[in-house]
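S.K.: Chains P and W, in that order, give the protein sequences. Here this note's numbering is used: the first residue of the first sequence is 1, the next is one more, and so on. Here this note's numbering is used: the first residue of the second sequence is 1, the next is one more, and so on.
Note that these hints are calculated values from the structure, not bench results. No false leads were slipped in.
Computed from the model, here is a short list of chain W residues facing chain P with C-beta under 10 Å:
1) PRO5
2) GLU31
3) GLY53
4) GLY79
5) SER82
6) GLY95
7) PRO211
8) ILE213
9) LEU236
10) SER238
11) LYS246
12) CYS247
13) ALA248
14) LYS255
Glycine included, each C-beta is placed from N, C-alpha and C at the ideal position.
Each chain is listed here by its residues.
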Amino acid sequence: MTEFLSKEGLFTWLRQIAGERKLIAPVRMWGITLFRPVGSPEDIALDIDNTDLSAKDWFFPPSEALFTVEQQGGGRPLITPATEDREAVLFGLRPCDALAISHFDLPFLAEPADPLYRERREKTVLVGVACARARPECFCTSAGTAPNDPSHMDILLTEAGDGYALQAVTEKGRQALGDTPLESRDIQLPPTPQPDPVPLAGINDIARQVFDAPYWDRLADRCIHCNLCAYVCPDCYCFDIRDYSAKGKIERVRCWESCQSAGFTRLAGGHDPRSTKGARLRQRFYHKFLYFPEQFGPTACTGCGRCVRACPVNIDIREVAAEMQKAAEQVALETG
Amino acid sequence: METTPFVPHLATVAAITDLTIDVKLIRLELEDAGVREAFKYQPGQFAFLSALGVGEAPFGLASVSYKGDELEFAIRRVGTVSDALCEMEPGAWVGVRGPFGNFFPMEDYRGKNIVIIGGGIGMSPLRPVIQTILDHRKEYGDILIIHGARSRQDLVFAAEFDTWAQAPATRLELTVDRGEDAWSGRVDLIPTVVRELKPSPENAVVIICGPPIMIKFVLVELESLQFAHDQIFTTLESKMKCGLGKCARCNVGEKYVCQDGPVFTLAQISTFLEQF
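Chain W on its own, in the form it takes in the complex:
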C-alpha cells in the first residue's frame, strides 16, 4: 500500500483494561513488522489514533519505547473518538499515525531532582517520564510525584503506585478533591500540596501536566518557591487534525503545538502572544 502522511498504520488492540471509571489503558500492536521496528518515540510524544468510521484524535503515548514494541495509551472518555476506542475489544483494528511532537529532555534532567505534578488524565504523558527515571534510577536525583484527581476512583495508574512509592529516593503524594470513607489519604487541591511540601528549586526541574486551571494555580506556588521559568516544563493540549503543521488548528500564537510542542518550558510559554 502506498503510504501518505494522512493514512494511518494498522494496529490491533492487544489488551484493554480499566484504569478508572472513565479511563482505559489500551495496548496496541502495530501490524507491520517494519513499521513496528521504526516506531521509536520519547516521553512526551503523541500519536493520532483512529477508530475507523468514527474519526481520529491525538493521544499522548503512555509507554516507553525501549521496553518493547507495544504502544500504550491512557484514554479518557470525553468525546466520540475516545468513546469508540474505549469500547474496543482485544483484536479490534485501530489506525495509528505518529509519533509526533517534541519530548521531555530526559537527558537534560540527569542529575537533577525532579518534581512531577499530574492532575487526572494529565498523568498519562508523565508515566513514561516516571518509568524512564525508575529504570535509570541512579542517573537522576530525588523524585517527588504529586498526583491528584477528583476522587479516589479517578487516580490513574493506581496499580503502579506501590512500585513508584517504593523506588529509591522517590516520594509519591496522592491527593483527591473529594474525600470518602474508603480514602485515608489527602483531601487537598494539588496547589495546596505543593505549598505544603515546598520542593526546593535548587538543581531541580518541575514537570506539570493537567487541567489548565490546576496548572495556573500550581504556577503561582512554584513562583513563590522561586522556581525559574526555564525549570518548569509542561505539555500543552490543543485541538489538532493533522500533526504535520498543515491544518493550522493547534497554534498558540505563533507556535504550533504539533511541531513546536507539545512540551514547552514556562519560559517559552511566557513569550507566546496568546495565553492558553
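In isolation and in its complexed conformation, chain P is listed as follows:
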C-alpha cells in the first residue's frame, strides 16, 4: 500500500503552505521556466519537464548581499550581516537538482559553513516530483540518480492517475505535511523513464590521462564564453565577491561567476595562469570530473542535460565524456 495525495489535496496543502511560508516552485517567466516564489499553486507550471534554470537559485541566488556597511565620513563602519529568516517549501524539485543540492552542501556546509546557505537549507523543505518523461538530453541514470530517486528530498511525489503517490522521505517532510489527509491506496506506478546512458564511469581516471590532449583547444575554438553552461548548471557554484556603494551605503555582494570568463584567474598584476580558452574550457570539465571528486567524493554533474540544451555552439558534455575516453585510448596506444 502507498500513501496517495489527490491533486486537489495537493493544491489545498500548497495553498496552506503559501499562506504560512515561502512557496518556491517552477513557473513560466520571461520565456523560460525557473523556480520562483509563488503566491498560489495555480501559478505553478505543473506540466513542464525539467526547468530551464535549476533549483540552485533559491539557495544560491545569482547575486545577493553578504553584508551591508554604513559609514559616516571616515567614522567607524557599522557592518550588518545579511540573514535568512524565511521558512520555505521548495516544490517541484527533480531528482537531478536534489542530487545537486547534496553536492552544494559539501563546500557550502563545510566548516566554517556559509551562513546564508546553511540557513536556507535548514529552513527549506524539499518536495520533489518524479520525472514522468526523460528529455532527449537527460542522462541522470549515468550520473548517480534516477527519474524516481527520492534521495536528498524530504518528500517525493510520483504522478499516478488523478493524484500523486507520496513518499515522506524524512521526518522534516512528514512534519511539513501537517494534518494533510492522505489516502492509502494500492497504486500501480507508471514505468520509470529510461534516459540514454552516457559513459561517465571512471571519468576521473580518464581525466588524469588526457589533460594535455589537443582536443581541449579544438573544442574551445567554438566556445564564445557566454557562461550559460555555468548559469544553468545545478552543480556550478563558483562565485565572485565585490563591493557596491551608493549614497553612503555599501553592500558586499556575492554573485555567480563562471570559469569560462576571461578574467576568472587573472591577477591584479596582469598574470593569468589560465589564459587560453582551451585551458578554461578544460577547467569546466575537470572541476566536474576530477577536482570536485578529489576534494569531496562525487562527480559534480547530475545528468540534468541543461548545459546541452543551453549551449549556443552545441558543446555537449556527453560528447566531451566520449571524446575524453577516445583521447585516453589514443594515449594508451601511443604509450603502448
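Given chain P's structure and the hints, the job is docking chain W onto it.
M.R.: Showing chain W alone in chain P's frame:
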C-alpha cells in the same frame, strides 16, 4: 555583532609608509582585543584586507606574530583594492579576515642552510621568514638572501638591508635589472646571481617567491645545482575571493591555493595537473 566567515574584523591603519615608489607598508591594529589576541599566524600565511566600498583582496602577512599584535602588509599598487589601501591615512578603517592558508615549515628548516630568493614584492612573505631566522639565529644554518627588483627604487624593505647583512652567517645579495648612477651593486637577473653564487644543496632548503617568469628560470639553475624538488619551497599566488575553499577560484588542478597552500614544495607542484 554576529560573526560570519565573510564579515571582516575591523582594524585601523596604525601607520603607512613608502617602501618603494609603488609599494607601501601598512600596519594595522585590530579593534577588538579578543580578535587581536586570537589572531596568531605563521610566516607564509595571508589575510584578506577590505577597503570597504571598494572591495577585498588577499595579501601576505609581512610581520611575525610573536613580535606583537599589529599586522603588517607590504602592498603594491596593482589593482583597485591595493590602490585604495595605499591611499589610506593613519586612523582609516580597514576590514581584515584571516589568517588563512598553510605556512613555511620553519621548524623543519632548523639546522639547515637556507637560501631565500625574492623578486620584487615577492619579498613580502619572505620578510617574516627572515625575521624568524634572525630572531632565532643559532637554530638555523647559513643564510643567503638574494633579492632582486626592476630598479634600485623597487627593492623592498631597504631599511632592513643593513640589519640582514650584518646578522651572523647571513649574506645579502641585492641585484637590479636596470642599473643607474646611484647604484653600485649588481645589475643581473636573479637566475644569473644564483648561477654565479652556486649555493650548495647539501643540508639546505630554498624558498622562492616572485614573478612566475623569475621562478621558472631560478628553478632551471637550482636543478643544475642538484637541488631536489622537496628542498624547494614557494608560495603560489592566485585569484581568490573567499579563502574558505568555497568560491572555487584558486584551484591549481585539484589543489586549492587558499587551503592546500599557498606554500608548496616543488615536489608537490610537479604532481599538479595544471602548471602555473
